[in-house]
Amino acid sequence: MYAQMVKSTGQAVRTRDDMTVEERAFQDRIDRGEKIEPKDWMPEGYRKNLIRQIGQHAHSEIVGQLPEGNWITRAPTLERKANLLAKVQDEAGHGLYLYCAAETLGVSRDELFDMLHTGKMKYSSIFNYPTLTWADMGAVGWLVDGAAIMNQVPLQRTSYGPYARAMVRICKEESFHQRQGFQVMLTMARGTKDQKRMAQDALNRFWYPALMMFGPSDKESVHSAQSMAWKIKMNTNDELRQKFVDETVPQAEFLGLSVPDEKLTWNEETEHYDYSEPDWSEFFDVISGNGPCNAERLKTRKKAWDDGAWVREAMLAHARKSRARREAAE
Amino acid sequence: MADKVAPKSHASGKFSDPKSEWPLWEVFIRGQHGMSHRHVGSLHASDTEHAIKNARDVYTRRNEGVSIWVVEASNISASSPSDKGPMFDPSRDKVYRHPTFYDLPDEAGNM
Amino acid sequence: MRDTTSALFEFLLRQGDNALVLGHRTSEWCGMAPVIEEDIALANIALDLIGQAKLWLEYAGEQEEAGRSANDLAFLRDAYDFRNLLMLELPNEDFGRTIMRHFLFDAFQVPWLEALSESSDQRVSDIAQKASKEATYHLERSEYAVIGLGDGTEESNRRMQNALTDLWPFAGEAFRDDNIDRAMHDAAISPLPSMLQPVWKIKVQSTFQLAYLTPPDSEFAHSGGRIGFRHTEHLGHMLATMQFLQRAYPGATW
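Protein chains in written order, with the numbering used here: chain A, 1 to 330; chain B, 1001 to 1111; chain C, 2001 to 2254.
Source of the hints: derived by calculation from the structure; they are not laboratory data. Every residue gets a Cβ at the ideal spot worked out from N, C-alpha and C, and that includes glycine. Hints are supplied without guarantee of correctness; some may be wrong.
Below, a list of computed lysine-lysine pairs in the BS3-like style, where the Cα atoms sit at most 30 Å apart [said to hold, decoys possible]: (1) C:K2133 with B:K1053; (2) C:K2130 with A:K321; (3) A:K172 with B:K1053; (4) B:K1053 with A:K303; (5) C:K2203 with B:K1053.
Computed footprint of chain C on chain B; a stretch qualifies when at least three of its residues, placed anywhere within it, have a C-beta under 8 Å from a C-beta of chain C [stated by the list, open to error]: (6) 1039-1046; (7) 1055-1066.
Please work from the sequences and hints to get the whole structure.
Right, here's the structure in full:
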């Protein structure tokens, strides 16, 4: 999945005149397209922002396992079961790569988990929506992964080396996710009357939440300019959202499904689709904890973590005991 | 990922007991094509054997490798960025080490 | 001839259902494991097992000659037609019990699949060779975890001991020969399961020693799963979940 930028630094971009010598040299490196590496000097704001963004991104992958995980035990065929499981497993892997990238900035994975569990760090709003039918596995793959990919592909060029490298690996692995989802959707859309209904229903429920994934409109969004200057964020929210709409609408037409937006029209002049904005009050509700599944998702994650505590402790205790035994034997 | 040697200035242990977290390991994998081991990423594991097993499950899901090295991140020594000039610049002008330095006629074929 | 064929069908169902049922149970862990690395590892095991189930059930369907595919067999049979070991259909409960079940099963599966690799039936041998590599790794992993968790802390030792005590009466079912096994043995398709029990015992006992665990001093074994006579109540619930879509929308393509 990806990191949803609701707020960035909260500060305006610093002008060159305001910068210290180090900051100026740092900005110059970024402007030249050099990668920043863990031991390099970096402004505190850059480090903090990255921890938050990569952490959010990682949390989204881990919480993002749940809505799709909800259907693994009900997948309709052995092949679908394997595909879905492999996909959700990839998400765990992507979370792992991202946590490791965040760790290079001096925060531990356990601390990041703790911040997720205590609500100090967020994850993408999209995972607070329920998956109600098998068609949702299609919609999530097609729309949610589709939106995520749009966000993630440019992040392969992000200025922080470990983050960029994690994104390269993630994008490579994710190429099958959207296709997998679209294929589920296609099968449903070409299927029985019930299946087609399920497919349309899934599109109806996931369309606007998918649009929200790009974050609030740039007009309302708190300054993302500093993040863009630092090449932590590569495109504006609206740019990416427009690109997503432009690519997805023809796919919906191909599926024979209708996008739940009466205002949706092709604009000859701009050569883009005009579309209705999602209901941003819903978005802010979800972000602030009042989405349909917020409480449940967090509870599930916390329970898994707490239930596993004895395992984590025991494996470590065993490692220490074995080392002591080995040393005693020497 | 790489260079996991940054001081853990924020690993204060305020949120979690750092003693209870599995150590971080760096993973190196050699693929099928005879290239040397390459750093592919990191993971957490309780000890060496566990790290190798986890590396197999996390980093070779797509047939990426035939051999795995793991090393505990805290055991890696890395050059510091301020050395970058003296450490790496001397090789920058030795272009003769790179094949593209040698301009050959097309007829010579692919090398 | 017909007898061997239907015995072979039963035999293949046993292999396929073991993999299917345990694969399903293992897949329930996705997103819930104690740590991300274990989550990924368990998913790999589940994927291996689902893959094995598909191969065994495909072959079973062909043997039966009733036009049933692997998916038909997986999703359209009721509990009394399943032929898996009872131990594998029990709910996961905690991570320790999940690992213990894997270990008890893997320690059987490794020598079993090695033996099946030499089967007189080429297809059985092919599937077993592929599955055998996977099982060997599963055993490495589950054995390592049983030792680690058994040795680890007081709490982990207690949990592992409880898991072992609870699962032990289910472990012996795998070694109870019946007519199907004897027919397979006569046709050199498989060894008698009972022939593997000594190897299995040595393996599990040596592991339990390293893990500071003690199996109950009892030879009692529940049975009824692999012969399909009497499953536990849990299988029906598992199938209700697993088969929901195929049952609710008959004939649809997914």
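Evaluated hints:
no. : hint                 : result
1   : C:K2133 with B:K1053 : 15 Å, holds
2   : C:K2130 with A:K321  : 36 Å, violated
3   : A:K172 with B:K1053  : 23 Å, holds
4   : B:K1053 with A:K303  : 25 Å, holds
5   : C:K2203 with B:K1053 : 20 Å, holds
6   : 1039-1046            : holds (count 4)
7   : 1055-1066            : holds (count 4)
Hint violations for this structure: number 2 only, all remaining hints satisfied.
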